[in-house]
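Student: In case you want the letters, here they are:
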Amino acid sequence: MSGNVISIEAINLTKVYFRGSEEIPAVNDVSLQINKGDFISIIGPSGSGKTTLVNLLGCLDNPTSGELSLAGRSIFNKGKRLSERDLTKIRRETFGYIFQNFYLIPTLTVMENVMLPLTFYRKPGTENEAVKLLQLLGMEHRKKHLPGQISGGEMQRVAIARAMVNMPEILLADEPTGNLDTKRSVEILKVLQELNRNIGLTVIMVTHNQELAQYAHRMFEMRDGQIYQIGNK
Amino acid sequence: MITKFQVAYKNLLRKRIRSLLTLIGIALSAWVLVSLLGFNHGYETALNKDIDNMGFQLMMMAKGCPYEAATMMLKGGTGLKYMKESVVNDVAKEPEVEKTTPILMAAVFDPNKGESGGVAGYFGIEPKSFSQMKTFLKFKQGGWFTDENAYEAVMGYEAAELEQREVGDKTLIPEKNIEFKVVGILERTGTQDDGTIFIPLRTAQKVFGRPDEITTLGIKVKKGVDSTRLENKLSKLPDVQIVSLAEVKQTIMKLISTAKVMVLSIAIIAILIAMVGVINTILMSVHERFQEIGILKTIGAMPWDIFKLIWIETLILCTIGGVLGVGLALILSRVTGMVIRYVLPYAPIGGLVLIDLKLVLITIAVVLCIGLLSGLYPAWKAGRIRPLEAIRSNIG
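For the protein sequence lines, the chains are A and B, in the order given. Numbers 1 to 233, taken from our numbering, label the letters of the first sequence in order. Numbers 1001 to 1396, taken from our numbering, label the letters of the second sequence in order.
The set of hints was computed from the structure by calculation and includes no laboratory data. Source: prediction; values computed, not measured. It is possible that some hints are incorrect.
What the hints assert, rightly or not - Quick list of simulated restraints, FRET-style, between CB atoms:
#, chain 1, residue 1, chain 2, residue 2, range
1, B, 1009, A, 46, 34 to 44 Å
2, A, 46, B, 1384, 21 to 31 Å
3, B, 1009, A, 178, 52 to 62 Å
4, B, 1044, A, 145, 56 to 66 Å
5, A, 93, B, 1265, 46 to 56 Å
6, B, 1335, A, 123, 16 to 26 Å
7, A, 16, B, 1384, 22 to 32 Å
What the hints assert, rightly or not - Stretch-level coverage of chain A by chain B, calculated; a stretch enters the list once three of its residues show a Cβ under 8 Å from a Cβ in chain B:
#, segment
8, 20-31
9, 36-48
10, 109-116
Heads up, the beta-carbon is just placed ideally off N, CA and C, and yes, glycines get one too.
Please build the complete structure, drawing on both the sequences and the hints.
Tutor: What follows is the structure, given as structure tokens:
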């Protein structure tokens, strides 16, 4: 369900790491356009640069060179580096993140974990999203449980609810099923698919699993820091 | 909605033992601090009360060591020196003097006092002038002597308790084997007078073989008069010395200041140890939650939010620790007072550790300030964690 409004546009995005005097281009001259409501997956072997790319797209890191714009607003260009504070501002207005290691706060209940982002920032127009999201993700009956008392699949659902509580435009999922078995992985992918279909959420997912990558509208592969589109629905 | 306070509080519960130990450290340092401040306050108040209860500002005594003389008045003692009673008239002539009261002190060894005997203090006094100086003296039973030559005694509250005497009973002066009739028992005053037996001055002079002699002359100075000038005038009289109770107080306070410096050093060390403990606990906690803090930043927390979160943890620890420490100090202030009394060479009667609301608030404020200072570095460090580094790391 791709629309025509550009959500993210990357032009010649490059990220170079230095190991001593050696230059390692983790992301090399990547240009990519993701529309609002798109669901893309990025696969590739370890070290291919897929996570680095997602970090750049998700404003978790500054690129070495290249341009990045979000909904037409220029974020990085001409080597401009943003401070951690500015990056945080952009992130909390635009992105939701989920990771392989769910990173739930063990001392907070499921409900408290989901509401945690609101402690720091509440996007205007978001009300009682936590309850709705837990209902949507089938986790309402677990809202008073601690993360240690629920399964891995349930933890990732909670992490999704937490990422969604401020109604982001884009959800970045870095190996969201890396710690789950096949059944739970499919369940999570279906949740992402539903969010994409029902509320028009843009989803960018990094995965090792080619089968799960098929759930996306468009599939990309990263090799040696460069990106190739390998599938389209 | 979950608040930063709830997040911080729940985090402290994660490592309960560690938080508890840090809390104990803070509580102990708060205890030491408030007890020290309480001692500072209590000792001076008790000493002032002791000196005020003497009823006079100057004492005239036969020449000798003034400190010994002062201690004798406050604590009782032996090795007394005597002066002629006629000096009373010389002093009373001075325009600055409001009242005087002559006293003949005597200390007699009483083999029945305590387990292995003790010194019993007798004060020969003139009831009229003495009671005018010590207006707080009240009788539990009976009253003053019927005659200035009578063999009658008025007993302090504790002296009567110790000897189990009531009005109408007889009491024997040890060594002298002279019987006195108890005509009055004083109410408890909380001063040295409680342990003293008072007899008429004339009788005392006869019994102890000191006709026309006294040991001390209490001098009450008129209000608004410069007592230093009077002191200088009186000290010119032959064979006598003037002890100003204000000076005595200053001297005792000077002696005590050494002890205070010691205790203050201990308090500072205790606070420093607690401070290091807080820094360590919070730093460990930040280190362990490196990834979590990074994630908080991906979900919208600004560096200042993280800083506050960590600072609140310090604040919770210090508030609870401070309140516990102060509570402990309040409960144990009597015990602390007893320990200090045991250690110090001279301690006035009454509570030595006085902790009032002001001291409580000062201590809690100091503990909080120190806690917030301790939390500064860990909180700043946590605020600087970059989410990307946190996600990449394998700590936690």
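Student: Take the hints in turn and mark each one as holding or not.
Tutor: Evaluated hints:
1. B:1009 with A:46: 34 to 44 Å: For residue 46 of chain A against residue 1009 of chain B, whose Cβ atoms are near 40 Å apart, the range 34 to 44 Å holds.
2. A:46 with B:1384: 21 to 31 Å: 29 Å, holds
3. B:1009 with A:178: 52 to 62 Å: 32 Å, violated
4. B:1044 with A:145: 56 to 66 Å: With Cβ atoms ~59 Å apart, the hint holds.
5. A:93 with B:1265: 46 to 56 Å: The hinted range 46 to 56 Å holds for residue 93 of chain A and residue 1265 of chain B, with Cβ atoms some 55 Å apart.
6. B:1335 with A:123: 16 to 26 Å: 58 Å, violated
7. A:16 with B:1384: 22 to 32 Å: The hint (22 to 32 Å, Cβ to Cβ) holds, given that residue 16 of chain A and residue 1384 of chain B are roughly 24 Å apart.
8. 20-31: violated (count 0)
9. 36-48: The restraint on the segment 36-48 of chain A is violated, since only 0 of its residues have a Cβ under 8 Å from chain B and three are required.
10. 109-116: holds (count 3)
In the structure shown, a violation is registered for the earlier hints numbered 3, 6, 8 and 9, in ascending order.
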